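Q: Please build the complete structure, drawing on both the sequences and the hints.
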Amino acid sequence: MTSDTTTQTTAERLRVAGLHAPTDAVLSVRDLNVRFNTENGVVHAVRGIDFDVMPGKTLGIVGESGSGKSVTSMAIMGLLPPTAEISGSVRLQGKELLGLSDKAMCRHRGSDLAMVFQDPLSSLTPVYTVGTQIIEALTVHNPSMSKQAKEARAVELLGLVGIPSPKDRLKAFPHEFSGGMRQRVMIAIAIANNPRVLIADEPTTALDVTIQAQVLEVLHAAQEETGAAVVMITHDLGVVAGMADDIMVMYAGRPVETGSVDDIYYSPRMPYTMGLLGAVPRVDVAEKSSLVPIDGIPPNLTQPPTGCSFAPRCPLASEACLDGEPDLRAVAPGAGHRAACIKSEALADVDVHAVFAVPAVPVSRFDSLPRHERKTVLELRDVRKHFPLMKGALLKRRIGTVKAVDGLSFDIREGECFSIVGESGCGKTTTLLEIMEFHKDQDGEVVIGGLSNKQAADARAKGAMRKELQMVFQDPTGALDPRFTVYEVLAEPMENLGMPKPAIRKRIMELMELVGLQADHVNRFPNQFSGGQRQRIGIARALAVNPRLVVLDEPVSALDVSVQAGVINLLDKLRAELGLSYLMVAHDLSVVRHISNRVAVMYLGKIVEIGDVDAVFDNPRHPYTRALLSAIPVPDPELERTRERIILQGDLPSPLEAPAGCNFATRCPVFAALPPAKQEKCLTLEPALEPAAIDQQFACFYPDGELDADMVVVHENH
Amino acid sequence: MLRYLAKRAITYVFMIFLTTSAGYLLAVSTLQPALLEQERIPRPTPEQVVNSFRLKGLDPTLNPWERYVDWLTGIVTRWDWGRSPNGAFINAEFGDRVWISTRLFLASIILTLVIGVALGVYTAARQYKASDRAITSYSYLMYIVPAPIAYFLVQLGAININESVGERVFFVTGISTPGLDGDGWAQLVDMLAHYAVPTFAITIVGWGAYQIAQRQYLLDNVNADFVRTARAKGLTRNQAISRHALRVSFIPVAQSIAFTIPAIFAGGFFAEKIFAWHGVGSWSIDSIALQDVNAATATLAYGSVIFAVGAILADFATTLVDPRVRVQ
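Residue numbers (numbering that gives the first Met the number 0), protein chains in the order written: chain A, 0 to 717; chain B, 0 to 327.
Possibly wrong hints are sitting among the right ones.
[What the hints assert, rightly or not] Between beta-carbon pairs, the in silico distance windows are:
(1) Phe524(A) - Leu25(B): 26 to 36 Å
(2) Gly158(A) - Arg125(B): 56 to 66 Å
(3) Phe258(B) - Pro481(A): 26 to 36 Å
(4) Phe258(B) - Gly497(A): 27 to 37 Å
(5) Phe524(A) - Leu218(B): 26 to 36 Å
(6) Ala5(B) - His174(A): 53 to 63 Å
Honestly, the hints are just simulated from the structure, not real lab data. None of the values given here were measured: they were computed from a predicted structure. A virtual CB, placed ideally from N, CA and C, is assigned to each residue, including glycine.
A: Spelled out as structure tokens, the structure:
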């Protein structure tokens, strides 16, 4: 499959491929190659992929962005633009699909070969009802089906994917559905004609964790219902751990390791796979160790690699690795587990931390000090932000209040990382904005470095506050002005403070080194850096004025796993070395657990549980925290298969419909199992955060209550 | 929907009232028809001029506010828009003019829209192919070429055809042959011979803008995620584009269509002048040259009304094609 295959003719390759295809595979891909002609030359995006999927089984394709996993799925579906050059073989139930015309391909697409896409918000046509869109999928392949039959089937499908009152919802437009609901509709469309193969391309990446858990459950149900083979494409090793039977790890357009899910997770034999697994923080592990960073960036696919494509980033690379690309070879004779590494035999039972240069866990000078002896850097007292909801064009009248943040109190001490977690819409970002606003007319008190918003009114006091507190944003590309060089980006905050030029220059050199960038790159523009490097620039900018508190708004969510690990390690190191405090907002609870000391769980503008991160994550008391934690997939197949999952019903309610008593009662698994007499209390009284002996407070009347059986799912015999 | 339309209509009536009043006050304080009367031979005395104007309700001795009140009272109580300095009644003149303009533009507006949108779809589906390049280049050319020049070229072409055929097939000016006798068939042929040249000229100049807009909006949507979903369902590329992308891409076009109807009216001046169809467009320019306060204001009011209709049509069209927009 290396250089010599290119000299073979397609016919020869197909003949060989046909001989090796197992007869019972529903989808067989052999030597799939995709090339794109671009202005920069021919990009060889997919370079020789082979796999088979058996009926009813799930194959997980894992890789970072640019590894060619989505291109592979689009090539199988025949949805690549005509300019793409595709070669190899894709057989669906023995029938060759490559080379079919668009029209011939249409008989398979949506019928025996279906697909679910990543972004549910843009994947449905906005101007047609969901019913029309589901029925269209039926009409295309069953022209003789009667209108009533199609409608009945559409209702059945919507019910199957868990949409309440499906008959009425048929007439709803996509914009009337939430993201999770739209992804359910997408799944309903995909399974409408009982496909033999269902390809899911990052189906839950755009969704909240609780919704992700629901959608994965629906996919699971859909697979059981149709008996389809599923190809699950993802960058999240946790998502596939519980679902997949086999895994293919892709790097630079090629599979670098394939095998059963247990092979890959428990005995990876390719340094890249090992690095990926080590780069993911675990939500279920308290033990603190640094993450495995994979340095460097994936290769440019316009140049054919001469050696192993991972060699430039691989800590084990030797001369031999640069001599030709290694083939996928069985790690043991006769084993299904194959790796593309010349050293795979030697990697059995090797700890990833021994392979990669993992930095030591940084120790802060504050770590030895008890928390109550450290100084407070930020304190919030009963902060509220209510938005009036108005109606009417000329004469507006108030029809309600959105309580985005509703009575928030917490404090952050020196040298600690405090995180706020919750679903989108729970008020995390509004909280950050309220802190940054720092105005005396705010409802509630914000104290930053001993300076209260109630006293500090003038611009000078505010300037002093800004020096104490800096922010790092989610999207490193959007947060940097593309017309500023790195030097200008970093100099701006210091110029604002009136620092002399030579001092600025010196400080910038320090900063570049501090965040792990080359000092001579200061005259480059942001677009000359990779995503991870850009986020490092963002961090350097925040640190330029020596703040004591850094606000991190989803600092790593836009980054790939391997890059993310490097940035998290950097944040950890800076916190220890500079004695910084962090206030972090993140939706990835694994990252939160890894980096934080304390955590607050927010739901509809309120903190429902707050405390020490290990206490909250190991022994969650509030039912919402329990649900949130159980929704997070863990990159451990054994655990994923057997653990109990709480699947919350429905979406986050609109803040308008917030109930009178406990906010969470409408979705609460404990509430649902309570006898009516006890339910009354939840519906009428609002639970408050109760003070406790240990550092863990929660707002619930029945913290360890029985869970409702309907909301708990266990996959025992997967 | 009806309530919404009524609400919008009231707003627009108010706005039309404001623009028309402002227009009248501006016209009445700057236009001086009496000066033009001085150029007549024999030259009338100033008293004669004032008397003659007073009889037509154009008394130049009254101050602008008094004249405005008189003029407004006339409209509100008798729907009388006043008279021109030459004695003609605006109401009578106006009806004829509007009818002529409508006849001149109606057919070409419809043709412009249909051809423009259809070509936009056609070229978007064949992006960067020879046909797309030719049609789109033509549309950009029409953006650049001033409309009067294109009209003259079409006229020249028609005259050439007439000459080479040896008889008058097309009329390049005028609405109909004066004093034509004959049965219905002869009348129809005569009408078509007059209509052909201006309609053709306005259409081939006008469709470019719609072609470019429709092509652009459709191309924005051709690779949209929902088109990919439609193809994944089993629709061919062309089916997916025509069923899903087209309707979404038509939303902004529908809006611009509604808004360009008054724009065509405003640009109609050249066409009316060149083809000698004496409609509202040429009247508005002529009335300013003739210092005719009432006619200038009437054309302004007509422009406002047409614009308001366009705006309401735009809202209506958007709600019709886009379910996300709800009128309240």
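Q: Which earlier hints can't be squared with this structure?
A: 1, 2, 4, 6
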